[in-house]
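Q: Protein chains in written order, with my numbering: chain A, 7 to 265; chain B, 6 to 342.
Since the hints were made in silico from the structure, they are not lab data. These figures come from a predicted structure and were not determined experimentally. A few of these clues could be false.
Unchecked claim - Below, in silico cross-link-like pairs of lysine-lysine (DSS-like), each with a Cα-Cα straight-line distance of 30 angstroms or less:
#1 K95/A x K312/B
#2 K148/A x K141/B
#3 K16/A x K79/A
#4 K79/A x K133/A
#5 K79/A x K95/A
#6 K95/A x K195/A
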Amino acid sequence: MSEPVLRTEKLTKRFGGLTAVDNLSFSLAGGRLHAIIGPNGAGKTTLFNLISGLLTPDAGQVFFLGREITGLKPHQISRLGVKRTLQIKSVFPQLSVAENLWITGHAGQRFLNPFRPAARDRGTAEKVERTLEQIGLAALAKRQAGTLSYGDVALLEIGMALISAPRLLLLDEPTCGMSPAETERAVGKIRELAQSIDIVIIEHDMEVVFEIADDITVMAQGAILASGDPQVIAADERVREAYLGRPEDEDYVEEAAHA
Amino acid sequence: MTPAVAIERGVMVAFAAFLIAVPWLIPAVTSSFWVSVIAEILIWSLFAASVNLLFGYVGLLSFGQALYFGFGMYGVAIGIENLGLSFWPAFGLGIVASMAMALVTGIFAVRLTWHYFAIITVVFSLIFYFLALTNKWLTGGDDGINFALPPTFSFGGMRWSFTDATFQYFFILATVAVCFWLTHRLIGSPLGKAFLAIRDNDVRASLIGLNVYLLRLIAFVLAGFLAGVAGALFAFFGRYASASYMFYHVSGEAVVWAIVGGAGTLLGPIVGTSVFIIVREIVSTHWEHHALIVGVVAILVVIFAPKGIVGLWREWLLRLTEREPAAAVETKLRTEP
């Protein structure tokens, strides 16, 4: 079997007394769309932050295509081809849609020329045009990103992920807050992307998850609870417990009420 | 070209023509004292542009740019008085000294952002202000260093120097214009776009692969360059350098000028600086509390025109030229009483 795209080894992150990610080891094979689900506070976003370098782990390692990336800076990890979106939609609000894409497409270059007009970079400009067509925002190219509707910002984020030519894409709740129509559009895009790029997606919308994921990993309290294909996960007793609470917990509540 | 852009270009051409005509126009209309006021405005505009580069384009609010202005001044004064340099090497020394200082302090300062960044820049500027005050042997302390002006150009018997007021004016105008042109080029370049991205969202910028720390440091050194050129020009203009120009009060004024004029716009610093210095020159002869006007204007602009005078002007221009109602009118929500 080939090298896993992403692998973590006993990854741990604590915030004070809280262990957000607890001794987490997993390995993701290439060519599949992985979804990470789990109740709030399970440590999903923290895991993404550890992978993308926004946080440094207290212990453990992260490997991308066999190369250790633990402790690298976010921009270094990004340049290796690991791109991500943030849970709270995050673009450059005062730049236009086209400029958002332009700088994202250009950021991989080692040298940012201060003496040449940006407009003269035909290569990046063409990539921007192509991406605008792909995400269907060509009509809004000159609009300030901060004035876009929520769904359009999400599309722009996907466009920014696209133009940066990722090898691994981490999507943090991409359809959160979208209308059903927008969700459908975004899911279509993600499916299309998954043809050529390895994607890991955090998602709360179970319909979306079971529709697009090849593999599902369930996290709870910083650890992996279960992992497997959608049928296996849907049938897993422990997963249901994590989402709905254990019967014992209810007993506990009852006891507390009687005490 | 939209009508708004055309009008703005026209205003800029008229403004440039006015600046070129100043040495003849001003003495004909009023006293030639105003020629040197305008020269001074140009220098301080460049200083405000250094604040603007950091705050308006990279999102770092520096309250310590006077430090680099002071190093520009002292580079020139010490170069001429102590080292016996001629005009151009002294000019170069001033600029290099400011940039070197910006590099050294920037290495520490740009690790921080927002108020922490503002505070550390003030602290650096205070440290060197007091060092300059106490090391009289080198800096002359509060009295400063006076020096005799070397000629700027000399070909055979011909000499041009700052003692000729018209030459002085045009030299300052040309230098300031070149610096603003360079800033304009910078903002439109890939490096400038990266600055804007960092200003808007630094976490996102790092996730798309921009080295935020290094880019902020580059911006800080470039801002040091602008402040250094302004300081060096001011030294030549006043024929002296003094520690009092390194005080954070001077930095604070530049912040006000840049924000009132319009942070994040190329000409905002010129507009803001002009308004305040002209008000000061007119009012201060009649009323000693002219700083009060500065405060009131600053507060009014921050509340009613967050994008400064230039922002206000652009809004007004758009409303004037766009007859038909805009396609998407932003609904302004009241968030505060």
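Q: Work down the list of hints and note, for each, if the structure agrees.
A: Hint-by-hint comparison with the structure:
Taken as a hint, the K95/A and K312/B pair is honoured in the structure, with Cα atoms around 25 angstroms apart against an allowance of 30 angstroms. Among the hinted pairs, K148/A with K141/B is inconsistent with the structure: their alpha-carbon atoms are about 56 angstroms apart, more than 30 angstroms. Proximity of K16/A to K79/A is assessed by CA-CA distance (about 20 angstroms); at most 30 angstroms being required, the pair is judged to hold. Between K79/A and K133/A the alpha-carbon distance is near 26 angstroms, which keeps this suggested pair within the 30 angstroms criterion.
For the hint pairing K79/A with K95/A, the CA-to-CA distance comes to about 21 angstroms; that is within 30 angstroms, so the pair holds. Proximity of K95/A to K195/A is assessed by CA-CA distance (about 17 angstroms); at most 30 angstroms being required, the pair is judged to hold.
The structure does not agree with numbered hint 2 stated previously, though it agrees with all others.
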